Amino acid sequence: MKGNRSTEEVEAIYHRHIKMVYQICLMLMKNVPDAEDAAQTVFRKVMEYPKPFRDPEHEKAWLIVTARNECKNQLKHWWRTHRESEEAMEKLTWEQPEDGELWDAVLTLPQHQRMALYLCYYQGYTAREAAEIMGKNPSTVRTWLVQGRKKLKEVLEVEYHG
Amino acid sequence: MDDLDLRRMFDQIAPTQEQEATMLDRLHRTEREEHTMKRGMKRGLVALVAAALMMTAAFAVAAGLDQRLMDYFGIGQEDLTLVSNGIVQVDKSHTYKNGWTVEVKQLLFDRYCGEILVDLTAPEGTVLTEQDYRMDFQTLPTNRDLTNQGWGGGIGGEYLPESSDLAHGRISMLLHVHLEVASGDLLGIKLKLTPEKLGWWGLEEENDWEFHTLADFREESWTVKLTIPEEDPGRTLTTEQPLNVAGYELPVKQLYVSPISFLYDVSGLPFRGQPFDGDTVDGLMAVMGDEELTNAVLTMADGSQVTMAARYFCQISHPAEGMFDQGRVIYRLADIIDPNQVSSVTILDQKFPAAE
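Protein chains in written order, with this note's numbering: chain A, 1 to 162; chain B, 1 to 356.
It is possible that some hints are incorrect.
To be verified - Calculated lysine-lysine pairs in the DSBU-like style (CA-CA distance at most 30 Å, straight line):
hint: 1; chain 1: B; residue 1: Lys190; chain 2: B; residue 2: Lys97
hint: 2; chain 1: B; residue 1: Lys197; chain 2: A; residue 2: Lys45
hint: 3; chain 1: A; residue 1: Lys151; chain 2: B; residue 2: Lys351
Said to hold, decoys possible - Per label pair, the in silico range of CB-to-CB distance:
hint: 4; chain 1: B; residue 1: Gln12; chain 2: A; residue 2: Val146; range: 31 to 37 Å
hint: 5; chain 1: B; residue 1: Asn244; chain 2: A; residue 2: Pro110; range: 20 to 26 Å
hint: 6; chain 1: B; residue 1: Gly154; chain 2: A; residue 2: Asp37; range: 30 to 36 Å
Read the hints as simulated data drawn from the structure, not as lab findings.
Keep in mind that this is a model prediction, so the values were computed, not measured.
All C-beta atoms, glycine included, are put in the ideal place defined by N, C-alpha and C.
Work out the full structure: start from the sequences and follow the hints.
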């Protein structure tokens with residue numbers, strides 16, 4: 001593989017973090033093909049990133065930020081590059097999670113709230129740490145967490161009670 | 001729903017082992033293909049790329065729009081004529097005593113939005129890391145009497161990671177200027193742009209968040225004057241129909257469409273003669289400022305619909321704050337359009353036919 005990293009090194013990073021990178025990409029891109037493409041691009045960037053990571057936490061945070069940036073960039077161009085194939089995209093199917101209602105509800109949230117929920121409730125970051133990764137103020141992230149959970153609850157209640 | 005439900009749900013969206021293997025295989029395969037191509041076709045490819053770049057550059061220069069602005073707004077070659085009268089070539093640069101060079105490249109504008117492309121080059125030896133860079137700057141019109149008119153709005157420098165080259169010390173930023181109500185418009189003004197600082201927000205040890213200043217430009221106070229033409233790239237629409245926002249029937253002061261943006265102004269917010277009322281402001285903001293992009297849609301003459309790519313700006317002003325009882329929302333369009341082809345606009349599910 002190209003860049004300054006050996007094939008073994010990139011593969012080791014891949015195996016350590018593919019799950020997390022893919023989850024972020026799927027959560028932000030909302031469909032499997034785009035999530036796979038974005039995740040692959042993230043690891044191509046790992047190959048091309050010339051500097052060593054300071055420590056495992058730096059490596060992980062770098063991948064989170066890069067995955068988020070990659071998805072944001074792809075989404076910026078989504079309408080122009082994929083509009084013609086929108087119908088085809090809708091026909092794509094994939095194995096939905098068992099908690100399909102919750103997943104659908106999560107996808108209705110704004111990107112930043114989805115990301116904050118994932119980092120804090122799944123990856124175990126504190127609001128302050130998540131804020132650092134997302135380049136925001138900790139109080140902003142705390143607000144997003146509260147708003148996100150509130151909206152999820154509302155959506156799920158509507159679905160449950162009709 | 002509790003934390004456990006969320007964790008379980010996120011667990012379920014992990015890639016399968018088969019997906020992991022497939023993605024890794026694709027990663028290897030792409031690399032091998034690149035490697036083979038590099039060995040076998042290097043000379044041919046270089047010539048081809050050079051020719052393509054020359055053609056692209058020639059076209060972009062002829063049409064006057066930087067490729068990076070085209071990429072950001074999703075402007076294809078076929079759309080260039082639609083934005084051609086909204087382009088101002090600037091190409092002004094300055095190297096500061098601290099070693100940083102700021103190049104103001106181009107401005108793409110309409111009546112209320114200015115999008116300024118800026119390249120910043122770090123001093124030799126500076127190691128740039130991937131950050132969500134922010135650039136602070138000031139703008140001020142120099143040929144407009146501001147005695148009875150305000151000047152403000154949403155401004156901010158957005159980092160363009162795909163256009164930057166951190167390994168070679170270059171950061172590209174897009175500076176947004178979105179005018180608020182009662183700031184007039186951008187047409188015909190001479191705008192003074194003053195870079196202030198470049199950096200990012202980060203956490204300092206155990207303390208609160210702080211702005212990490214990478215470059216401070218304030219000591220030298222270099223300014224660039226941008227002269228914006230008087231011709232409007234967009235189209236102003238009027239309507240007698242009010243817009244219902246959170247139960248309030250608000251007169252629509254104007255609707256404005258340009259190739260890159262959509263704006264609406266409302267007046268008659270329920271504040272006149274009232275003390276500041278945070279709940280009402282928040283209630284209106286929750287509707288008008290909602291980031292749900294389907295809240296506004298343009299319908300074109302051929303029946304197609306154009307959605308919004310981003311909500312740039314939302315203002316709810318209150319007389320008690322020395323402002324006006326007016327509101328403004330500005331969106332960036334998901335597609336480049338010909339404003340003359342807009343047949344109606346839909347805001348919050350309420351349709352407004354396009355009328356001059």
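To see whether the hints hold, each was checked on the structure:
A C-alpha spacing of about 27 Å is found between B/Lys190 and B/Lys97, which places the hinted pair at or below 30 Å, so the restraint holds. A threshold of 30 Å between alpha carbons decides the hint, and for B/Lys197 with A/Lys45 the separation of about 28 Å falls inside it, so the pair holds. At most 30 Å may separate the alpha-carbon atoms for a hinted pair to count; A/Lys151 and B/Lys351 meet this at roughly 27 Å. Range check, B/Gln12 to A/Val146: Cβ separation about 24 Å, and the 31 to 37 Å hint is violated.
For the pair B/Asn244 and A/Pro110, the beta carbons lie near 24 Å from each other, so the given range of 20 to 26 Å is met. With their beta carbons about 32 Å apart, B/Gly154 and A/Asp37 fall inside the hinted range of 30 to 36 Å.
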